[in-house]
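Asker: Given only the sequences and the hints, what does the whole structure look like? Please build it.
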Amino acid sequence: MESKIWDVICVGGGPAGISCAIRAAELGRSVLVLEARSGSATAGSMMVDGYPGFFSITRQELLDKMARQAKYHATIRYAERVSRLELESKIKRVYTTVVRGEFFSEEIAYQGKTVLIATGLHPKKLNVPGERKYHSKGIYYNNPPEGEYEEKNVAIIGHTSWAVRNALHYDSLGAQVCLITARDAFDAHPALLRRLNESFVNIRFGHEVMSFEGDLKVKKVNLKSSTGERVSISTEIIVILSSKIKNRELFMNAGLAITPEGKIIINSANQDTNLQGVFAAGSAIRGDSIVGIDAAEGQTAAMQISHYLTNLEKEASKEIPEKLEASLAQRFVEGKSKIIEKLDLSPEIIKWVVSAPRIAEKCQPGQFVILRVTDNGERIPLTVADFDREAGTITLIFQKIGKSTKLMGRLIAGDHILNLLGPLGEPVKIEKWGTVVVLGGGCGVAPVLPKTKAMREIGNYVISIISARTRTLLICQDEMNSVSDELHIATDDGTLGHHGYGLDLLRKFIDEGRKIDHVVAVGPIPMMRAVVNFTKQHDIPTIVSLAPLMVDGTGMCGACRVTVGGKVKFACVDGPNFDGLKVDFEELTLRSRAYRYEERIAVERMARTN
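Going by this note's numbering, the first residue of the sequence shown is number 45, and it counts up by one from there.
No lab work stands behind these hints: they were computed from the structure.
Straight line, CA to CA, 30 Å or less: simulated DSSO-like cross-link-like pairs of lysine-lysine:
| # | residue 1 | residue 2 |
| --- | --- | --- |
| 1 | Lys134 | Lys115 |
| 2 | Lys395 | Lys497 |
| 3 | Lys48 | Lys444 |
With beta-carbon atoms standing in for the labels, derived distance ranges:
| # | residue 1 | residue 2 | range |
| --- | --- | --- | --- |
| 4 | Thr598 | Tyr185 | 51 to 57 Å |
| 5 | Arg637 | Gly557 | 36 to 42 Å |
| 6 | Lys134 | Ser269 | 50 to 56 Å |
| 7 | Ser278 | Lys168 | 20 to 26 Å |
| 8 | Lys552 | Ile384 | 39 to 45 Å |
| 9 | Ala457 | Lys406 | 20 to 26 Å |
Every residue, glycine too, gets a C-beta built ideally from N, C-alpha and C.
Answerer: And the structure:
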């Protein structure tokens with residue numbers, strides 16, 4: 045059984061399931077779509093009726109577009125046919141059967157807080173003589189191969205919108221179409237019936253199919269009218285679309301309320317079923333498929349699912365102690381690294397002094413650690429801002445931006461960090477260059493602090509420039525002043541020091557004729573990129589510290605790859621300090637934005653649950 049518990053499991057990857065998946069994911073929910081087919085639903089070249097925004101588009105093209113969009117938001121697993129549903133408990137279980145070769149199949153169980161049933165239509169065999177013999181030899185239960193039906197006699201058997209829509213489609217392609225139903229009327233959308241009356245389709249009401257005849261391929265269908273008259277119709281293509289809900293037994297065994305025909309009974313206002321946390325949309329509730337209606341029902345279901353989950357979260361939050369910090373402290377006692385001191389440097393920036401003797405003993409300027417504060421939390425890389433070998437402590441400074449750093453900000457002195465790994469990465473290369481300008485932007489001031497100290501101790505003349513958006517976000521002023529020969533300050537809004545950027549001050553030094561032998565820049569990517577673009581013009585060697593997406597910190601996952609001098613490097617083992625003049629900042633910028641959407645959703649979900 046998969047251990048992950050999804051917020052939403054969509055059973056079916058048609059218009060209803062995919063629309064629900066897209067909307068639910070946009071609302072911050074984790075979504076899994078299970079589709080029995082090996083790809084998006086096949087619909088051939090049939091045109092979609094009046095779907096908003098598309099004057100002329102085939103059903104297949106539209107479904108492919110919807111599936112591609114959904115893959116950006118949700119997880120879609122094809123070729124997984126649902127075999128069993130357990131829906132009555134708080135956590136639902138959906139079992140699928142996956143074929144693993146010719147003789148072996150595997151059952152997989154998925155867990156979810158909610159389930160949307162959005163299974164499609166399945167053709168019903170007539171079980172008359174000749175049907176099995178001519179299957180795929182002129183008799184089809186969905187779309188015949190492209191081109192096989194053009195300018196031929198085509199018989200469509202069925203009474204729903206599904207059958208009517210297919211009849212109109214083949215009629216528009218020049219086929220001679222006969223639409224056959226044993227009933228005296230079609231159970232189809234009025235708009236389709238109006239088009240049917242205006243078409244060239246030959247309609248046979250009240251005719252029951254008795255048998256099929258032919259030689260190598262089907263040649264005719266034999267009918268019996270409601271009055272007992274026998275009729276034979278010559279045809280080369282027969283499409284049987286006498287639909288039924290194939291999953292009737294599956295729904296019954298799961299405890300869902302259904303009609304005698306197998307349609308799921310729902311509250312139409314909310315798309316919810318008789319089982320709590322279980323919703324349904326599309327063909328499973330109507331016995332017919334109209335893309336626009338299916339998509340609308342999927343969207344409605346997603347909204348109601350999100351409301352349902354929000355209420356669950358509110359109920360669960362009542363059981364959480366009011367003092368969240370106290371509960372967090374209890375969760376982290378198993379960690380070995382204790383927070384000795386916590387200091388709020390600004391409303392957004394936190395400083396920790398952490399007891400980590402083994403890391404402090406080995407750490408060098410420019411190295412970093414990776415920490416984790418919850419069992420299922422992400423791994424956060426942080427450059428070591430300072431270390432005290434005698435005291436056995438390291439200093440970490442971070443800004444509360446995403447979910448994980450906001451959670452870290454709730455810890456207090458005395459709490460334990462669950463996992464702390466380090467020191468990692470290569471130390472920064474320190475030489476006696478002469479006059480060195482150090483630029484630290486925002487939280488980037490913390491990583492340059494030990495580098496500045498080391499460069500001055502080796503004999504360099506160090507000019508430090510620290511900057512931030514505003515005065516309240518400036519950090520480590522006293523510390524940087526104590527390890528620099530000169531300290532200059534810049535704020536974007538002019539609330540302290542130079543009104544502008546730190547790069548403005550470097551430009552000023554160059555314009556004044558001051559000789560700069562080396563530059564170190566650490567901060568946001570745009571800031572480092574701007575500095576490098578400037579130092580390239582003046583041929584000044586520049587070191588930057590890169591913090592791309594990182595997972596394991598050992599070079600195995602490859603997530604933190606960067607291009608330096610045309611070669612792929614890994615920031616965790618080759619860096620994080622690189623020759624800035626050789627870094628591909630364009631690639632670095634694009635990769636840094638990869639999970640921005642997911643990060644925003646995680647923060648929003650965290651805010652809703654607190």
